[in-house]
Amino acid sequence: MADAPKEGVEVSLLLNNISFPLADFTLEVNVEIRSPITVIFGPSGSGKTSLLDLVAGLRRADSAFIQLGDEILTDTGKDVFVPARRRGIGYVPQDLALFPHLSVRQNLLYGHRPNGNKRFTFDHIVELLEIQPLVHRGVTRLSGGEKQRVALARALLTSPRLLLLDEPLANLDMQLKTRILPYLARVRDEFRVPILYVTHDRFETLSLADEMVALIKGKVAQIGPVQEVFSRPASLDVAGILTVETILPGRIIQTADDLVTVAVGNTMLAAVEPNLPPGTNDVHVCVRADDVILLKGADTPSSPRNHLPSSVRSVTREGTLMRVELDCGFRLAALLTRQACEELALKPGDRVVALVKAPNIHLIPR
Amino acid sequence: MADAPKEGVEVSLLLNNISFPLADFTLEVNVEIRSPITVIFGPSGSGKTSLLDLVAGLRRADSAFIQLGDEILTDTGKDVFVPARRRGIGYVPQDLALFPHLSVRQNLLYGHRPNGNKRFTFDHIVELLEIQPLVHRGVTRLSGGEKQRVALARALLTSPRLLLLDEPLANLDMQLKTRILPYLARVRDEFRVPILYVTHDRFETLSLADEMVALIKGKVAQIGPVQEVFSRPASLDVAGILTVETILPGRIIQTADDLVTVAVGNTMLAAVEPNLPPGTNDVHVCVRADDVILLKGADTPSSPRNHLPSSVRSVTREGTLMRVELDCGFRLAALLTRQACEELALKPGDRVVALVKAPNIHLIPR
Amino acid sequence: MSAEEWEIVWFTAWVSALSTVVILPFGLAVAWLLARHQWPGKSIIETLISLPLVMPPVATGLILLKMFGRRGAIGGFLHDTLNLDIVFTWRGVLIALGVMSFPLLVRSARVAFEEINPRLEQIARTMGAGEVRVFFTITAPLALRGILGGMILSFARALGEFGATIMVAGNIPGQTSTLSLSIFQSVQLGQDAYAFRLLGVSTVLAFIAVWTSEWLMRQRKGSK
Amino acid sequence: MSAEEWEIVWFTAWVSALSTVVILPFGLAVAWLLARHQWPGKSIIETLISLPLVMPPVATGLILLKMFGRRGAIGGFLHDTLNLDIVFTWRGVLIALGVMSFPLLVRSARVAFEEINPRLEQIARTMGAGEVRVFFTITAPLALRGILGGMILSFARALGEFGATIMVAGNIPGQTSTLSLSIFQSVQLGQDAYAFRLLGVSTVLAFIAVWTSEWLMRQRKGSK
Amino acid sequence: ATPTLDAAAINVFAAASLTDSLKEIAAAYEKQTGDKVVFNFGASSFLARQIEEGAPAEVFFSADEAGMDGLEKKGLVVKETRNSRLSNSLVIVVTADSMVTIKSAKDLAEPRVKRIVLADPKTVPAGIYAREYLEKAKLWTSVESKIVSTDNVRAALAAVESGNVEVGLVYKTDAAISKKVKIACEVPAGDSPAISYPMAVLKEAKEPEAAKRFLKHLNSEEAGRVFKKFGFIVRN
Ligand SMILES: Nc1ncnc2c1ncn2[C@@H]1O[C@H](COP(=O)(O)OP(=O)(O)OP(=O)(O)O)[C@@H](O)[C@H]1O
Ligand SMILES: Nc1ncnc2c1ncn2[C@@H]1O[C@H](COP(=O)(O)OP(=O)(O)OP(=O)(O)O)[C@@H](O)[C@H]1O
Ligand SMILES: [Mg+2]
Ligand SMILES: [Mg+2]
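Protein chains in written order, with the working numbering: chain A, 6 to 371; chain B, 6 to 371; chain C, 14 to 237; chain D, 14 to 237; chain E, 232 to 467.
No lab work stands behind these hints: they were computed from the structure.
Treat the numbers as computed from the prediction; the structure is a model and nothing was measured.
Since no wrong hints were added, every one of them can be taken at face value.
Pairwise CB distance ranges (calculated):
| no. | chain 1 | residue 1 | chain 2 | residue 2 | range |
| --- | --- | --- | --- | --- | --- |
| 1 | D | F209 | E | K369 | 39 to 45 Å |
| 2 | C | L157 | D | N96 | 50 to 56 Å |
| 3 | C | L157 | E | E435 | 52 to 58 Å |
| 4 | C | N130 | D | R231 | 18 to 24 Å |
| 5 | C | N130 | A | Q232 | 42 to 48 Å |
| 6 | E | S318 | C | G213 | 40 to 46 Å |
| 7 | E | K459 | C | T94 | 46 to 52 Å |
Which chain D residues face chain A? A few, computed with CB under 8 Å, are given here:
| no. | residue |
| --- | --- |
| 8 | I136 |
| 9 | A137 |
| 10 | R138 |
| 11 | A142 |
| 12 | G143 |
| 13 | I151 |
| 14 | P154 |
| 15 | L155 |
From the derived model, a few chain B residues whose C-beta atoms are all more than 10 Å from chain A:
| no. | residue |
| --- | --- |
| 16 | R237 |
| 17 | L253 |
| 18 | F335 |
C-beta: ideal position from N, C-alpha, C; glycine also.
Can you build the whole structure from these sequences, using the hints too?
Given below as structure tokens:
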């Protein structure tokens, strides 16, 4: 709120030395967040909600240093702990926590601070989130998705300087999602409100986020731009939560600058992997199914590209797409649009060529 | 439970004459469900949860006739109302309703009825849903996704003869989802337990469901096999909730058997639409973005296929895919894999040809 | 303390606890009916239940004496059939204490029942649990705090009850004499020091009850 | 009813309601402290608060008389500085009723506070609400049922209170005589019919209280 | 009435057993003199304690001498005004339809009498006198285990009414309260201890003169007639 409008959203959220014991492990985080929308991605029970609670000041860590912009919110070393009500942080918790004794309208107005921006008025937000017909109802008489929208609107209306969203769209239909997501982007851009966004949803992540933090068992397994994390998961665990479809054991045969040749079984693959520690020999070879292109017939071989003659093992529906399992000496999965699949008239037993660009083959040291 | 095992899951769930007033509209349903897994799909607040409540016997409708297999569960006309506890229906409600005073284990065992099938024992379900480390904890000390899994396991362990799942995977990560979905399919096949599945998620719907019921404002807008509903939404509303990307006003020029020629602006499109009411003139023309194929350069014109020379307006990320907005006299959206997009090296201003098969152009009377 | 005093303390603790336990099932049943069902005239029943609170204890005592005396309807029946005397025995004390604390238990339990999310009970039913099982495994445990609160109030009230007890059970040393009656007597005699000593004992009993209930709640929280 | 009886009814209703209202802020504050904070010796404070329930009313009355009498610390001070007499005036009745019903209010409110999902209060704080606002807009409304329950109990107890009142305020017709005291007197004099008539009036007052609280709860439900 | 004590009124703290008679006397007195008499009836021991704690009373009318003695020792009584004119007698009551025949107190010791109800023999005057009488008659040790004590007369009568207690020992004036009990026998005046109702003006009285006037009236012939009507023994 207090920030003077600058070019772009300048965020700086420091989460240093955080140590917070949970049931089975300790949440240990040490990151600096600078991107306007950061997705916290991680499997169920990895500590995402707990982390947001610490940032919001709802739980107290054993040790923590949390700084938002210039203000130190928590510093256990110096016994600094700004109470939740002075943090100016909007929070949509996973359980929503709507006030059951208040009407929708009263919920929305509870922390409402008009901030002078005509495009983000009460009426506008209520309209955008399609809450209008509900405003005079009690919140106990809402459907799951309606509750979620009210909780989101309520947090937005407090004109926060940081938004914490804990799976805010999990119960919404695609139509609403696709309408709300750009709006959140606008909140970031026009309002200059940075967002920490917890989600499991690839669609939401890829559509919205700039950076992402992969949290696994309370530890930050990777942090970086979304595309980078998706294409170059830092570890098998991260690859797992991103559902990288093909992960195979490989052995490095040769390294020439960034170009690495790996053997998977008897097949040689070319990979571009600048960051391998020297002396690495055994690696996991990761290939995302949507990085695999299928061709029938030959293709002009061009470097750096891997040509893998394969046979189709199975073709199955996966969401809107088709998943093709291939055998090319090892098992490889490819994702195609339904149309592309029909074009190729793929059926089990067919011979095809699978193309994978070298930069799309990612190596994780074993 | 009581049903003798037959070939395939033979389900018959009759929901007749249901009339149940809700806040803004009345839930009115009249369907017969015969497929093993039926997804109830509908926008937020359309009455999905209310419908499940009626089936489970947790709320009473003004009028309803509900029959599962041979047994009449509700018949308001004859004052029949089998109480919830005798319906043998497993329910995972949207709010989960875990018993907060019991441990995870006690929650799971609450309604546990071992049914002799070795592959669906307590241990097996607990392992599959990755609940093992949680069993001795209190349910208040679980993360959102952990709660969801416990609720699902709890319902499965009652060996129900019908499962009602209300967005059971909304808070789970993809990795878990892709592991649990096939399991639900197995529950259906091996257990012969039919499932009514409420979700907003296209991925879950397409991966799992046989039939789907599109519920809009309390009315069944469409019912049919999933692929059919997705490719031939019965109305604009249904097209909307399925997020059909392109919807344009068109005028029918000519009808020859099933082959219909429509004019959208100055462009003529060929559509295959067997079910148009005679005399229809004005229609909505619907094209799903993933039914649009893009080519650079020419393609052998083949019938029935529409060739639309267009220029690229924008290329944006959408989830795992790329969304390409085209101008071909009207606006048209196409969804491509990232690879395909890179292959074509698409950038705004490029000239491409958009291909849409006639059967993929769907007409809804205006 | 003298042996006689110990006897009084022991009797008081025991009869107060017993009265609380005895009224528990009835109190919970009534509270449940009030919380879960709507019927015309509910407010009237509620008012009737709170009567022992509203009436001065002597009046309650007098009514009980009339009912449970040998010439009373209930007392006469019990005397004739079971040769059981209620009034002027420890049973009279029990009844007086129970009746006087009943409204406290009912009101607390009722509020607790009403606060329970009905969804939990519904889901328990879908899992095949009948009303009885739902009550004992879901409703009652979830209302535990309120029920315990009501029991504490009842027990405390029983410890302090005087007016109805002396009416129904008299003050028979070694038989119906409770701490409260002894304190009353000492106060009347101006033996304030002694009265305060007995008060101290009452307070200790109350403390034990309060502490036990806190401990129970902590146990439950810890076990989760 | 005679004018005199009306006067008693009116005085009783008024002083009982007033005592309930007067103890409300203190009761809620104490209940909140007990519910929300852990401190060593909490059980002791709790026990002390329930003492007026545990002690026979006469003992409570005597202690109050000693404190608020002209020779007592508080009473003497008030008499000397403000020329205000407490005992044997309606103020004495008020204090006796308030003290006697205090534990009922505290216990009910405390349980209600403890049942509130702390998440709701936390989220209210993230929206900038300070402790006071959180209490009045979230905590208290969510605990309404328990608070109302406690108020009903307090009011009913005030209607029925006898032992402490007669000690602190005497039974002075037209001045400190409440329904309870009048009923006691009539019972003592064997005027049972009259006593029952007054009991009927008490019951009506209790009914009004019960019905009002039910109505308030319904209002709230309806408004949602 | 204003809810404070009226300074001009005479506040009389009197034993509960005097309620009816005093009310009648005061009604006439108020009419005659215009003075206002305000009563606080209760158990004598309570009234004494209340006066000790500074209760605003002009006149104390106790049911036994002990209560008055305590106050006098503490210097709260105007000594010269103290007098005891009223007396009472003890009676043994049984239920109106009782088959139990009690001819004298000696019968109380017999096994057919299982319970005897008294007002509290330690604190309530009626009980104290009853005990003193039984002790004097050498019966106390044999009946002590049968004693049920209550805190007031009505409770004692109700106990007899209930049928669970065969006999009660109460004041003659109180026996009339209940129509369901009857007097089985009276304790002869000579056998019973000297029952007396002392009255006095109190030192802290705000209206000592009015109080003395009222006390004088209570000692009058006219008042005596009323007391007699209610069964009291009036000594001259
Ligand atoms: N207890 C209730 N009383 C009256 N109306 C209700 C109640 N609960 C929900 N509604 C309304 O009924 C409609 C349908 O609610 P329902 O919960 O069935 O929707 P839903 O399809 O499950 O939505 P969602 O996907 O958001 O969970 C909504 O408009 C909702 O506001
Ligand atoms: N109150 C609590 N006390 C102790 N441990 C808890 C508590 N709440 C949750 N946990 C545990 O801490 C871990 C992290 O929980 P958290 O809620 O932060 O997970 P999450 O990443 O948000 O998961 P989800 O995506 O399922 O919501 C889990 O193992 C959970 O069981
Ligand atoms: Mg979470
Ligand atoms: Mg729903």
